[in-house]
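Q: Sequence:
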Amino acid sequence: MTENTPNEQQDLEKDETLDAKAKKRKKKNIVVLVIMFLLLLCLFIVQCQLDRIKQEALQKQQQTELEARQNYILDSLRRMEKAKMDSLASAEEARIADSLRAADSARIADSIRVADSLANLKPEINKDSLRHVRDSVKHVRDSIRAVNDSLQKVEQARNDSIAKAEKARLDSLEKKRVQDSIRSSDKTPPSAEITPPAGRYYDPIKLKVKCDEIKCKTFLSIGDTMNPVEAGKAVEYNKTGSVFYLAEDSVGNRSKWEEAKYDMASDNVCGKNAYPVPVGGKTVCVDAYEYPNEPDAVPRDMVNQEQAVELCKQAGKHLCSIDEWQAACRGKDKGRYSYGDSYRQNKCNTNTKAVKRSGRKEQCRSWYGMYDMNGNLWEWTSTTSKDHPNMFLVAGGTWNTNNESKCTDSKFSFYPQNQYPSVGFRCCK
510 MTENTPNEQQ DLEKDETLDA KAKKRKKKNI VVLVIMFLLL LCLFIVQCQL DRIKQEALQK
570 QQQTELEARQ NYILDSLRRM EKAKMDSLAS AEEARIADSL RAADSARIAD SIRVADSLAN
630 LKPEINKDSL RHVRDSVKHV RDSIRAVNDS LQKVEQARND SIAKAEKARL DSLEKKRVQD
690 SIRSSDKTPP SAEITPPAGR YYDPIKLKVK CDEIKCKTFL SIGDTMNPVE AGKAVEYNKT
750 GSVFYLAEDS VGNRSKWEEA KYDMASDNVC GKNAYPVPVG GKTVCVDAYE YPNEPDAVPR
810 DMVNQEQAVE LCKQAGKHLC SIDEWQAACR GKDKGRYSYG DSYRQNKCNT NTKAVKRSGR
870 KEQCRSWYGM YDMNGNLWEW TSTTSKDHPN MFLVAGGTWN TNNESKCTDS KFSFYPQNQY
930 PSVGFRCCK
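In short: position in the sequence shown from 1, add 509, done, that's our numbering.
Treat each hint with caution, since some may be false.
In the DSS-like style, the derived pairs of lysine-lysine whose C-alpha atoms are separated by at most 25 Å in a straight line are [what the hints assert, rightly or not]:
(1) 724 <-> 870
(2) 533 <-> 523
(3) 920 <-> 870
(4) 781 <-> 726
(5) 870 <-> 742
(6) 765 <-> 726
(7) 765 <-> 673
(8) 724 <-> 791
(9) 781 <-> 742
(10) 537 <-> 717
(11) 748 <-> 696
(12) 770 <-> 841
(13) 717 <-> 748
(14) 938 <-> 791
(15) 748 <-> 715
(16) 726 <-> 870
(17) 822 <-> 684
(18) 726 <-> 591
(19) 822 <-> 791
(20) 862 <-> 920
(21) 765 <-> 781
(22) 696 <-> 719
(23) 673 <-> 684
(24) 536 <-> 563
(25) 717 <-> 673
(26) 724 <-> 591
(27) 938 <-> 719
(28) 870 <-> 841
Distance windows between CB atoms, simulated [claimed, not checked]:
(29) 678 <-> 559: 44 to 52 Å
(30) 697 <-> 744: 22 to 30 Å
(31) 823 <-> 855: 20 to 28 Å
(32) 566 <-> 698: 47 to 55 Å
(33) 751 <-> 790: 26 to 34 Å
(34) 925 <-> 866: 21 to 29 Å
(35) 574 <-> 869: 32 to 40 Å
(36) 565 <-> 869: 43 to 51 Å
(37) 759 <-> 584: 25 to 33 Å
(38) 854 <-> 900: 25 to 33 Å
Treat the hints as calculated values from the structure; they're not laboratory data.
Computed from a prediction, not measured in an experiment: that's the story for all the values here.
Ideal Cβ positions, reconstructed from N, Cα and C, are used throughout, including at glycine.
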């Protein structure tokens with residue numbers, strides 16, 4: 510191994526020192542660049558915030574100027590209308606006064622001429638004529654007084670009519686101003702709801718779209734959104750496919766198009782108030798309503814599990830199992846609720862203080878045609894709990910279980926021999 514000479518050693522040390530200084534400068538430059546980048550980023554954020562504040566102030570100023578301009582225009586219109594009415598009233602009063610003065614002058618001149626003519630007649634004739642003239646003058650004065658009274662009444666009626674017209678005009682302007690103000694501030698679209706809800710049906714149906722606001726227009730379009738028609742009145746429908754619907758409020762806000770899918774089946778093999786549901790490769794007929802399975806009937810509660818089994822048996826059916834019950838509730842799309850995956854408080858009877866008659870909540874319908882499977886009453890099933898073999902599962906929730914009234918949830922805390930005011934059942938076949 511060859512040793513370095515002193516000069517070479519010094520050169521190496523010098524190179525190492527230069528390399529160390531270069532690395533140090535490089536690190537320093539990197540740190541400076543990072544600091545500069547952070548400063549620029551901070552400046553950019555501050556500038557964006559200032560621009561936003563400036564934009565908000567400008568919008569507020571423009572809104573204030575617009576309101577001031579509207580108020581100034583309204584005040585100008587009121588002043589112009591008042592000046593016009595005052596001018597018309599003054600002209601009418603002057604015309605009436607001139608007419609009365611001219612009529613009085615003419616009558617007085619005629620009376621004087623008559624008096625002068627009578628003064629040249631014989632005394633005995635003159636007395637009777639003067640008496641007649643006095644009576645005529647009195648009659649004329651009474652007539653003038655009556656005319657004046659009539660003119661005053663006409664003038665009063667005219668003034669009242671003008672005042673009413675002015676008040677109506679100002680009320681109309683104020684109403685329009687309020688409506689314009691509401692129109693400019695209301696940006697919230699209404700909520701639309703189609704009835705009957707999406708699902709399978711076996712007879713023609715009548716579609717109608719409802720709105721959650723009072724003055725509201727509704728529309729539906731069959732197949733796509735290209736041919737909307739007003740849906741305030743029922744529209745006959747008997748076709749498998751999609752129906753799109755929306756609502757428009759009184760100030761022009763529109764909801765988004767929503768889709769409802771319908772399956773118009775040809776034959777119901779289950780008979781009255783029951784519909785077929787596919788369960789594990791077979792078809793089960795599930796009652797459309799909670800027992801006694803009649804629309805608008807009060808559903809049966811205060812019945813234990815054994816009584817529910819016996820009542821279904823008497824009807825030629827059996828108490829639904831948990832699998833049958835959940836299949837009917839979840840529908841073909843396997844939703845968490847009978848109407849979809851998201852909880853909607855107004856769809857079913859899940860947030861009240863008492864049970865409702867069967868089918869009253871029209872939107873609380875599963876795809877296959879079962880009503881009130883979420884809320885209203887818990888429902889006994891024929892399935893025992895895996896963890897508590899002596900207890901049977903109940904499903905669906907009751908009138909106050911809110912978003913816990915799911916198709917997927919069940920309970921096993923009900924003893925089969927007990928009766929409860931919040932537990933009913935439905936039958937299957």
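Q: A separate judgement is required for each hint: does it hold in the structure or not?
A: Hint check results:
| no. | hint | result |
| --- | --- | --- |
| 1 | 724 <-> 870 | holds, 23 Å |
| 2 | 533 <-> 523 | holds, 15 Å |
| 3 | 920 <-> 870 | holds, 24 Å |
| 4 | 781 <-> 726 | violated, 36 Å |
| 5 | 870 <-> 742 | holds, 20 Å |
| 6 | 765 <-> 726 | holds, 14 Å |
| 7 | 765 <-> 673 | violated, 44 Å |
| 8 | 724 <-> 791 | violated, 48 Å |
| 9 | 781 <-> 742 | violated, 28 Å |
| 10 | 537 <-> 717 | violated, 74 Å |
| 11 | 748 <-> 696 | violated, 36 Å |
| 12 | 770 <-> 841 | holds, 11 Å |
| 13 | 717 <-> 748 | holds, 15 Å |
| 14 | 938 <-> 791 | holds, 11 Å |
| 15 | 748 <-> 715 | holds, 11 Å |
| 16 | 726 <-> 870 | holds, 23 Å |
| 17 | 822 <-> 684 | violated, 66 Å |
| 18 | 726 <-> 591 | violated, 39 Å |
| 19 | 822 <-> 791 | holds, 20 Å |
| 20 | 862 <-> 920 | holds, 21 Å |
| 21 | 765 <-> 781 | violated, 37 Å |
| 22 | 696 <-> 719 | holds, 20 Å |
| 23 | 673 <-> 684 | holds, 16 Å |
| 24 | 536 <-> 563 | violated, 40 Å |
| 25 | 717 <-> 673 | violated, 43 Å |
| 26 | 724 <-> 591 | violated, 35 Å |
| 27 | 938 <-> 719 | violated, 35 Å |
| 28 | 870 <-> 841 | holds, 21 Å |
| 29 | 678 <-> 559: 44 to 52 Å | holds, 47 Å |
| 30 | 697 <-> 744: 22 to 30 Å | holds, 27 Å |
| 31 | 823 <-> 855: 20 to 28 Å | violated, 36 Å |
| 32 | 566 <-> 698: 47 to 55 Å | violated, 29 Å |
| 33 | 751 <-> 790: 26 to 34 Å | holds, 28 Å |
| 34 | 925 <-> 866: 21 to 29 Å | holds, 27 Å |
| 35 | 574 <-> 869: 32 to 40 Å | violated, 53 Å |
| 36 | 565 <-> 869: 43 to 51 Å | holds, 49 Å |
| 37 | 759 <-> 584: 25 to 33 Å | holds, 28 Å |
| 38 | 854 <-> 900: 25 to 33 Å | holds, 30 Å |
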